[in-house]
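J.: Below, each chain spelled out in residue letters.
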Amino acid sequence: MTRLLRPLQWVWLLAVVLLVWELLTRTVAQSLFIPPFSAIIRTFGSSWFAATPSTLFLSDQFREHVLPSLGRIAAGYAIATVIGSCGGVLLGVWRPAGAFFNPLIRLGMSIPVTALLPLAIVVFGITNSMNIFLIALGCLWPILINAYDGARGIDGTMALTARSMQLSRRRYFLNVLLPGASPSIVAGMRVSVGTAMVLMVVSELYAATTGLGYYLTQQQRLFRFPELWSAILLIALIGILANAAFALLERSALRWHHTSRGDAR
Amino acid sequence: MTSEVMDAAPTADPAVPAGAPRKARPRRPVPDWALGVVGAVTMLVAWDLAVRTGAVSEDSLPYPADMLARAVDLISDPEFLTQVGHTLWAWFASLALATVVAVPLGLLMGYFSTLYRPASTVVHAARSIPSTAFLPVAILLFGLGTQLKVSLAVYAVFWPILLNAMYGVRDAEPQMLTAGRSMGWNRVRLLVRIVLPSAAPAIATGIRVASSIALIVVLSTELLGATSGIGTVITTYQQAQRPDFVYAGILLTGLLGTAVYYLFTFTERALLPWANAQRGGSR
Amino acid sequence: MTAAVLEVADLGKSYRSRKGDVPAVRSITFDVKAGEFVSVVGPSGCGKTTLMMCIAGLLPITQGAVSFRGTPLTKPRDGVAVVFQDYSRSLFPWLTVVKNVALPLKDRKVPTAEIRRRVTHALEMVGLGHAADLHPWQLSGGMQQRVAIARGLVVEPEVLIMDEPFASVDAQTRTSLEDLLLRIWAETGTTVLFVTHDIDEAVYLSDRVIVLSQGPSVVVADLPIGLDRPRDQVATKQTSLFGQLRGEVYGQVMASRKRTSLNGEPAAVPR
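Protein chains in written order, with numbering that gives the first Met the number 0: chain A, 0 to 264; chain B, 0 to 282; chain C, 0 to 270.
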């Protein structure tokens, strides 16, 4: 019997929190701004889902706002990953280049990307490119720096082994450097998932005509709080799913790393 | 053994891709810092040329010299410094508030195993929501003043600090605890003398990370509509179409962020010298 | 008389530091004939590993020369393979055993079928035919080192350089690996240059034992090992000749520990 109950230990506190929320907002702390959780759930269903199997049961609103947001995140994140991992590895391995670009990287790293929002708008206008640019730029730095660390941290013996085998440069890059640096790169990618979400919201709040961020502002102006919170809930779910998917991906792709290090997590 | 090989002067950098042509004679390489300086200078020159030749319009990108001059102007402007004060105040308040609540809470949750797992779920769930998503709600609740900034920043940093405190407690070396128990220490003593000092490095990391996040969130809020702080200066100049001031402001925020980071790193090193050794190889 | 396949002449290696040049290896001279099994021993820190890396072409030398098959060797060459001590840092954990062993053959214009044949053969020689699709971390330490040996053998080298290959393995596994190595050596006829700190092992395995002095090192002794082959872990080690040779080598190592090459010329090398 206890084995069935074991998974519950993970969720009971969350359930309690939601329950308290529900009770408070229905009785003592009634507030227009923070509706009861049940109301949010109800609106969640009606906002984002529809009884149309042809669109996978997703509402028009979903397609209008969620898909663009997801598309922007995906594009920005992908760009940042490719440039960051390859660039970082190259800079890590080619020492003069790494030293040369070091000041630029440090500068880029220390500037909060949100500060570039006004400039991005000037350069790109209110377009998808602006959002993608901002997301890509923000996600770039953790991945780049981690790839750099990963490449430089390649075990000396491993590099020596590769030299003794006279591996071609291309093979060395693809079969030794990238896999060897991948644990670091993936750690950077994990950090960037959160950053991508933040920048998606920020870049869409006031500088987009579609997307979840835009939807938030829109609902705010209309004082429609259940809708506002259902959007927040959706963002939360997307974040949770993205993180979970990432964790799974990481565990399978980096199985060799965790096991060889003896991590029993 | 490997150290012998690794200590070889740059003539045998094991990280050089195989097949890279070996230099005939090992010559003294250019030191890294010099290359860095060259890189920085090249960047500035390229930037200057880009604007000078018109490749990039002067409306979007100012000359680096102008930007630096404006940065100096800003620093010597008491009005600007007041705004900096507003930003720092909001930053400090949110960090302090979050720390004071999250650290004890985190210690408790880490210490009592029954709370640890369910608490992790809640924390990870709440963490998935970027605090800026609450901006519209928060504006309606708190208006556009300091409360807005603090509330969002507190939300953003509360979870990392909490998590780090929880992890810090959980990772207390079991052998140390056994040693304490064998000396007959009761629960309170174990907590104060072993668990707390063990958890201190993790807590310090959490606060350091939080300090950067808090600054970024405060700045973002200022850029997105709050009524005081450095961010508002930047948006004002943006609307006045003075990119030289805008970039100067951005540069100064970057410097501020770096200063905050180093402040916390050095404070931690001074107060908790054993922190790095304890953290060892784990990240 | 068989020609020397490997000639090391007055090899020296210094590292540049802020205080000037720091010599790790002062002057090493010896030959290795085709098919010989030569061990190199010496006190800790005498630069055995540095020497091997130089001979393999992985470290540039600052003095002297290395010749392989009569031509100078300055970088890794076909025909010379290396087996490193730390298999956990030398085998690639993200590749399976088969892929690890096959790696040296890639980019060499060897047809896929031939690669497969050679890999299978190499794995069978080390007794790991069944472990082909496992990953290194799924194997024990001894098995991993066998994979590393298979990887060295797959290129069918003329010279196999082994840098303390059995140092990271427990004593019992070590004896079985030693015998495995002897069997492989007998079967393939490869020349083996074997570094070890274990004097018993050096005497048991080799045709010759070269003793290095304390660092910066020179050769202080080059002792022929006249034990009969095939060797046996029990029988050979019980012979009085074994004890005598062992004592001789041990004595040389002990003596060289007190004497660096800074005071006095290196001892005459008996041939």
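If you are wondering where the hints come from, they were derived from the structure by calculation, not from laboratory data.
From a predicted model like this one, the values you see are computed outputs, not experimental measurements.
We treat Cβ as the ideally placed atom computed from N, Cα and C, and that holds for glycine.
A few of these clues could be false.
One-sided excerpt, in silico: chain B residues whose CB lies under 7 Å from chain A [as the list claims (entries may be wrong)]:
id: 1; residue: L222
id: 2; residue: T226
id: 3; residue: S227
Cβ-Cβ distance ranges computed for the label pairs, FRET-style [as the list claims (entries may be wrong)]:
id: 4; chain 1: B; residue 1: P272; chain 2: A; residue 2: F56; range: 16 to 26 Å
id: 5; chain 1: B; residue 1: A125; chain 2: A; residue 2: L248; range: 50 to 60 Å
id: 6; chain 1: B; residue 1: T177; chain 2: A; residue 2: W11; range: 24 to 34 Å
J.: Now tell me, hint by hint, if it's right for this structure.
T.: How the hints compare with the structure:
Because the closest C-beta pair between B/L222 and chain A is about 6 Å apart, less than 7 Å, the hint holds. Checking B/T226 against chain A: minimum C-beta separation of about 16 Å lies over 7 Å; hint violated. Given hint, B/S227 at the interface with chain A, is violated; its Cβ is 16 Å from that chain's nearest Cβ, farther than 7 Å. Look at B/P272 against A/F56: about 58 Å separates their beta carbons, and that is not inside 16 to 26 Å.
Checking the proposed 50 to 60 Å range against B/A125 and A/L248 shows it is violated: the Cβ atoms sit about 23 Å from each other. Under the hint 24 to 34 Å, the C-beta atoms of B/T177 and A/W11, about 31 Å apart, fit the expected range.
Going down the numbered hints, you'll see the structure goes against 2, 3, 4 and 5, while the others check out.
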